[in-house]
Amino acid sequence: MIASGRIGTDVPRVDGLEKVTGAAQYTADLKFPRLLHVAVVRSPHPHARVLDVRTEKALRMPGVRAVVSGRDFPLHTGIYLKDQTVFATDRVRFVGDPVAAVAAETPEAALEAAALVAVDYEPLPPIFDVEEGIADGAPLVHPDLGSYEVVPWIRPKSGTNVCNHLKIRKGDYASALAGSWRVFENVFRVPQVQHVPMEPHVSVARVDLAGKVEVHTSAQSPFTVRHLLAACFGLSHGDVRVHVPYVGGGFGGKAGINLEPIAVALAMRCRGRWVRFMVDRHEEFYATVVRQGLTATLVTGVDRSGKVQAQKMHYLWNCGAYGGYGVNIVRSAGYTCGGAYEFPNVEGDSIGVYTNRPVGSAYRGFGMQEIHWALEQQMDKVALEIGMDPVEFRLLNALGAGKATVTGQVLDEHAGRVDLCIRSVADEIGMDPGRQKTPYRGKGIACAVKAPAMPNDAASSVVMKFAEDATLEILIAGIDYGQGLMTVVAQFAAEALDIPVEMVRVRGCPDTDLSPYDWQTVASRQTWATGNAVLRGAEEIRRKLCDTAGEALGVPASELILRGGAVVHEATGRSLPLARLVMGYQFPDGHAIGGPVASATSYLPEGLLFLDPETSQSAKPVAKWTFGAQAVEISVDPETGQVTVERIAACYDVGRVVNPGLIRGQTYGGIVQGLGTGMMEELLVDTKTGRAMNASLMDYKIPSTEDVPAEMVVDFVETPQKDGPMGARGIGEHTMIPTPAAIANALYDACGIRISEMPITAEKVWRALKEKERAASEAGVAPAVPASVTA
Amino acid sequence: MKKTITLEVNGVPETAEVEVGTTLLRFLRDGLDLTGAKEGCNEGECGSCMVLLDGRPVNSCLVLAVEASGRRVTTIEGLSKDDVLHPLQKAFLSHAAIQCGFCTPGMIVSAAALLREKPEPSEDDVRKALAGNLCRCTGYRQIVDAVHSAAAEMRAAASVGGNGNADAGKPAACEEVTA
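Chain order of the listed sequences is A and B. Sequential numbering from 1 applies to the first sequence in the working numbering. Sequential numbering from 1 applies to the second sequence in the working numbering.
Mixed in with the good hints, there may be bad ones.
Derived DSS-like pairs (lysine-lysine); straight-line CA-CA distance at most 25 Å [to be verified]: (1) B:Lys81 / A:Lys31; (2) A:Lys31 / B:Lys2; (3) A:Lys307 / A:Lys167; (4) A:Lys307 / A:Lys403; (5) B:Lys128 / A:Lys701.
For the record, the hints were derived by calculation from the structure and aren't laboratory data.
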């Protein structure tokens, strides 16, 4: 491969100019003639039977063009488990479940008409907690679970609220536990949180007079939107066209279908009209998808050397009302249940439970931040209990080349080095065990690992073609919703063909009628999967250019190289600029050869194997792993309980840094989002009414400039990924995985308290400090600072 | 009820008839097709709709279009002219301070107002000035760095003065902000 400095350099975002000038168009910025507006009738009950829906009054209101409800669209949909209809038919399952929708000439008319839709409900007992949901005799959220269509690798349990259960059985857990020197059991919890993309969900749909469905939508997965819409409405994929303009953040919340089916359902009833459904910020919080909650119970048995011998991990996921992507999070959390560690004997259970909460689905990290919250605190607790330094304990138990994951996959030397990441952040933050301690200041560390959670055949493809002046156009259907995909695609192509990045135009706002297929932009897979497809495309382009140039110059194509925007024959010094080749070459006598140069290439991960249905053992269950670690230094105000993150260090083995500015941006962004979920965020649901209690940016705070640590230090290890484009592997999600656990561990280091339920709020810290003080004074011990500090 | 308003938007005089309840944000987006200011929450919490009203930053979702009558409005579209970018726009590009880009227009507008008030802001000044502009992607680090960098560039240009600066031909709206 040529190396001319376009990889590993700060190439500015190729979509940057549009974004700083206001030129970039997002879905709500698009203009449509005579646009209709949507209002949705939502369930006020967390769980109820729907007895009757009467829409006549609403339909008669002036300006109303369509009113639709469950009886109009009975087909089930769902990416893995088809458990959802466009509108509730016989039952509503959370406060906000759509029951009917109105399209009208003005937003005001739509809202007024929606209020005229009369729905008769018979309330049913709701369940909000996983423990209730999994108990014998619990009310069933989906009594028809057994009849739903489902992919073979998701295993719902008919007659229960379990929408998926993945078991890991490795080695002999029971014997190893019995033989352990010491055993520790702890429970950790994570609440539901919201993605809070700055752009709320919005979809615009039209069904033309010939019946073709066209959708413009803020989505991560245009082809999956098409696929699921086709299934949902019984249409041919060929009659559904999906456009995705610029997307204002997604973080998993815009994966799959969200608002699109409601917009399409209404559009079907007013042919030829564009119908726009845009949720307001309040609906965005509870009526679009959220992150799942987790209750994790961990049991760890160690030997005298500090090596973990037996590890039990019981993950109960609060999936909310529908399975969505959540059923696959359950699976992914199962086969990743041991995190960045080698556990020889494992009993793992990852169980998804339906409840009457907002719908859990994909969220940056896909379950990993949640399980690492538990695992990384457990590792810290065990280390400290047995008198080991938490850093050394992690290094002793860390995965690495030659070691086996919980599925029995033995990692090779290309897998990435968590040990180097641990050392990097521990050095940066100064975690030397002999360090001087200051009261109410502490340091903590946590590791992270994640693999892309996707079907084994998830593919990406790209089309590359030239304009007459040799500008290279690359069509992709991966979405650049901030992570920088368009830019790295341009870098890969420019590097492989040795042309300036400025000569590349990435067509990154896909249209399923015209763009090449890409499964979905999720799973931190795009740089890797689309990147691989681009390199294959570039090779094909190179070969075609050299073939034509060889004939034109009368030299063997094999002797030609691409250099500086030309095809060059080094031996004779002769060359042809690309502009003379990309549309075909014309000889001096007028005859022409070749033709427009283009390529269509794809990438599909190779060699992935299903998990064993009973034990989940598999030699290669996922395409790749990305490892990393973060360490933090915090201070605690004992008067208020306020925790301040003073410094944070992050290090990831990314295989290859493609663009330093972009990857630092991913890392800072992940850290701060991690800090938000770790310290500030929780979607509160009132267990009396099932209503979200903080569904606004006023009541649900996300980090602002004033919440960001004074110093964030970012470092990367580059162990090339064998099947990665120029060695690169995924990083987008990983950056927010370890942050909350690292802060929790630093809190213990600072003042000897543990918060087992995310987030670490000032109130929880203050209460824990008071409790500790009370316990200490009862025991007659000086309470003010941890023993380790006073010693 | 409708009312006629007259205002200057990005240096261009505009006259329009608007419903009195129409927000400035809606008027800019729907009435003038200036979609750079975004609707992120419609209740003044996110800053995505930030514009300058007589040079001061406002959440345009909280201002009625009729309140803007007789005043000057600058949106992100008014910060650059043809191919000449505002120093903040350049700095956001060179510092990788953009991800999804949805908050970017509001963020740059708020920063422009800050630099007009304080040409040499401290770290704290920048953080405070941007605290009403939420961003879910970037973690803010590169944004804050970009603002400092643009401030330095603008100070250097101002000290050189006249046409000798790097931003000769700076657009009118830009001067309004930086004056």
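Taking the hints in turn, this is what the structure says about them:
1. B:Lys81 / A:Lys31: Measuring from Cα to Cα gives roughly 24 Å; hence the hint holds.
2. A:Lys31 / B:Lys2: Between A:Lys31 and B:Lys2 the Cα gap is close to 23 Å, so the pair holds against 25 Å.
3. A:Lys307 / A:Lys167: Cα-Cα ~23 Å, so holds.
4. A:Lys307 / A:Lys403: Holds: A:Lys307 and A:Lys403 sit about 13 Å apart, inside 25 Å.
5. B:Lys128 / A:Lys701: Cα-Cα ~16 Å, so holds.
In this structure, every one of the numbered hints holds.
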